[in-house]
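Please model the entire structure based on the sequences and the hints provided.
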Amino acid sequence: MTPSLLGQFDLEHLPILLIIGFALFAGGLGARLFQRLRIPQVVGYIVIGLLLGRSGAGLVGVEAIESLRLFNFFALGVIGFMIGGELRLDVFRRYGKQFMIILLSEGLTAFLLVFLLVWPLAWVLTGQWAMSLALGLVLGAIASATAPAATVDVLWEYKTRGPLTTAVFAIVALDDGLALMLYGIAGSIAKQLIGSDTGSLAETMGRTAYELFGAVVLGALAGWLLNLLLRIARDHDKALTFILGALAIVIGLSITAEVDIILAAMALGMTLVNLVPRRSRETFQIVERFAPPIYVLFFVIVGARLSVHEMQTWMWVLAGAYVVGRTGGKMLGAYLGARWGRAGQAVRQYLGLCLFSQAGVAIGLAILASTSFPAEIGNAVIMIVTATTFLVQIVGPPCVKIAVTKAGEVGLNVTREDLIESYTVADVMNAQPECFAEDDTFEAIMLALSNTDATTYPVVDAEKRLLGVITIQHLKAGLGSKGLGSLLVAYDLMEPVIDSAEPTMPLREALTRMSEQDLDFLPVVIPAPAEEPAHPPKLAGLMERRRVERRLTREVIRRQESAADREQSQLIRDAILKQRETTK
Amino acid sequence: MKLESYIRPEQIVLSPNASPTKQAALEQLVDVLSRAVGYDREAMLQAVVHRESLMSTGIGQGLAVPHVRLERLGAPAVAVGIFPEGISDYISLDKEPVRIVLLIAAPKGQHETYIRLLAAAVDVLKDPEMRQAVLAAQTPADVAALLKEERK
Chain L
1 MTPSLLGQFD LEHLPILLII GFALFAGGLG ARLFQRLRIP QVVGYIVIGL LLGRSGAGLV
61 GVEAIESLRL FNFFALGVIG FMIGGELRLD VFRRYGKQFM IILLSEGLTA FLLVFLLVWP
121 LAWVLTGQWA MSLALGLVLG AIASATAPAA TVDVLWEYKT RGPLTTAVFA IVALDDGLAL
181 MLYGIAGSIA KQLIGSDTGS LAETMGRTAY ELFGAVVLGA LAGWLLNLLL RIARDHDKAL
241 TFILGALAIV IGLSITAEVD IILAAMALGM TLVNLVPRRS RETFQIVERF APPIYVLFFV
301 IVGARLSVHE MQTWMWVLAG AYVVGRTGGK MLGAYLGARW GRAGQAVRQY LGLCLFSQAG
361 VAIGLAILAS TSFPAEIGNA VIMIVTATTF LVQIVGPPCV KIAVTKAGEV GLNVTREDLI
421 ESYTVADVMN AQPECFAEDD TFEAIMLALS NTDATTYPVV DAEKRLLGVI TIQHLKAGLG
481 SKGLGSLLVA YDLMEPVIDS AEPTMPLREA LTRMSEQDLD FLPVVIPAPA EEPAHPPKLA
541 GLMERRRVER RLTREVIRRQ ESAADREQSQ LIRDAILKQR ETTK
Chain G
1001 MKLESYIRPE QIVLSPNASP TKQAALEQLV DVLSRAVGYD REAMLQAVVH RESLMSTGIG
1061 QGLAVPHVRL ERLGAPAVAV GIFPEGISDY ISLDKEPVRI VLLIAAPKGQ HETYIRLLAA
1121 AVDVLKDPEM RQAVLAAQTP ADVAALLKEE RK
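Chain order of the listed sequences is L and G. If you're matching positions, the first sequence starts at 1 in our numbering and goes up one per residue. If you're matching positions, the second sequence starts at 1001 in our numbering and goes up one per residue.
Just so you know, these hints were derived from the structure itself, not from any lab. All C-beta atoms in this analysis are idealised placements derived from N, C-alpha and C, irrespective of residue type, glycine included.
Sample of chain G residues with no beta-carbon within 10 Å of chain L, all distances over it, derived:
| no. | residue |
| --- | --- |
| 1 | Glu1010 |
| 2 | Leu1014 |
| 3 | Pro1016 |
| 4 | Ala1018 |
| 5 | Ser1019 |
| 6 | Lys1022 |
| 7 | Asp1040 |
| 8 | Gly1074 |
| 9 | Ser1088 |
| 10 | Arg1099 |
| 11 | Gln1132 |
| 12 | Ala1133 |
| 13 | Thr1139 |
With a Cα cut of at most 30 Å, we get these calculated DSS-like pairs of lysine-lysine:
| no. | chain 1 | residue 1 | chain 2 | residue 2 |
| --- | --- | --- | --- | --- |
| 14 | L | Lys538 | G | Lys1108 |
| 15 | G | Lys1108 | G | Lys1002 |
| 16 | L | Lys476 | G | Lys1002 |
| 17 | G | Lys1108 | L | Lys464 |
| 18 | G | Lys1148 | L | Lys476 |
| 19 | G | Lys1148 | G | Lys1108 |
| 20 | L | Lys476 | L | Lys464 |
| 21 | G | Lys1095 | G | Lys1148 |
| 22 | L | Lys97 | L | Lys159 |
| 23 | G | Lys1108 | L | Lys476 |
| 24 | L | Lys476 | G | Lys1126 |
| 25 | G | Lys1022 | G | Lys1095 |
| 26 | G | Lys1022 | G | Lys1108 |
What follows is the structure in structure tokens.
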């Protein structure tokens, strides 16, 4: 190898496209690995970034990061736009007053506790008053967020249903919005606190107001215009072009006007989703399909920029304080909020346990902080949030499971399909079906028919061995003609058994067999012992499609009613409390 | 379902002067029918006898309709036995001796055809005039002609 060739492979100066390609691949692989460990993939991207970047191999150097600055702005815009798309006003309206009280309580308590722990601790550890205050504000705001994905995943996995489940859904759906708002306000205040411009308080407030409202106005205006354009551009390619164009313009104008990029992009998305809720769904889907590589690259760069060597002892202490404050705040806040909002016992006791998870929004906000604050604060925030995300993502889901289990809401949201998966043939078969002997007469059969509601009757011998089956369908042929009755016995009317099931067979398999062969029933038999293979097998029961369906439906309803009862009793309790209030 | 399409002179046994046992009469009919359709005689006889053991097919008025469903049988088939002297041990609902025997065999899968064929047989021979005419017939061909005439 010649020195010039070697020179081209100088790790510090790899072509930027090569870096992008490498980051995408490694990020993708890292995400898969972390998903296996049930940790959000975002964490995987960042860890890969750490390994590739300054803390690790040094493959993605400072220069490369600098040259990807523009891309970073764009990625922030896309992220903001997608978050904005989640903020639908009708969702806020739907979850009435009770949830708003709980939401504000758990979010603000977590914010306050983290702020009150981090600020003095950071002050003591670093000796910098303003920087510590800013750090406290930013981390506090981030602490209020709860990750819906990991939390809701647990609820789905355990098929929960009931007041606690409803409350968790509502809170995690709403508190990203709360976190963003808190961050918007706290972040702006923090920025002024440590900013070089040491203006008066009024000036600071004015500046904050301009940054926030300017961004919102810019985004909203662009959203309104984009909506008009999208009406013309019906096909996906054109729509994507317009959306990306609008995003780039909004981002560019934000930079020029010095307003918040992510907030402006959020306003753009939020305007769009609330102007035309149904049609814009497609718009967001287009961007969503296009967004993954942007996210991957963005988060990998975030990781690459981090320097673990700079994660000093005081950061670890603050990370501990953050976890304690956030966990305590969520528990206490959820409890108090549930009390004030008059929520039921299950919600009061267990909601807090369900709100530990933290992921996308928290990390997103941390990243945002890293771009808009000096490296000192920015890195600390990212380090602390990333490290704690690891922890709470491992602890959070099991806590949700404990909460819903204790609240008794597990398994109440089962569907027919879930039941089918969990049952065997023995669970649903009729173990004592009406049977006939070979020589039972037509009259006896008709009598039995009018006394039972079955449509299928096994014919068995003295030892209960299955000889055949009689179905109503078959009997119909003999009903028309008089005089046949005295000529027919069960033997004449039975048909051979086409297929049968065994009691231990999974219900799913039995039902599949039935539909494949277009059977309305399946006799259940105990297989003949090996020493007498010539004998027909003994009858264990009968599975009729009609009865199985009824059984499944009844069980689903029973469980749903159990969940509804819990909700009902809560409503009644609420009503009684209200009554007491008014009579006082 | 018409009975006539299953009536063939060579599948009709006429025994004007004999008074066989039930077993002998059934064997005679199974002989004829198994040969006509090319089915294993023993298997057919065993099925017919098993069916009779469950409940006698003598339905009264001198009429019996033994019937079986057989695996691997090509198509439904009928054999007719005329025994004017009567079969003494053929248990019948009205205790009358059985004089006319219609052996009906059908493939296992054709349940409806089977039942309708049974119904048609009972229907045709329910008519007393028809029964008398059949009992008075001299040749299998006459019997076949009578049964094919049916009611208009």
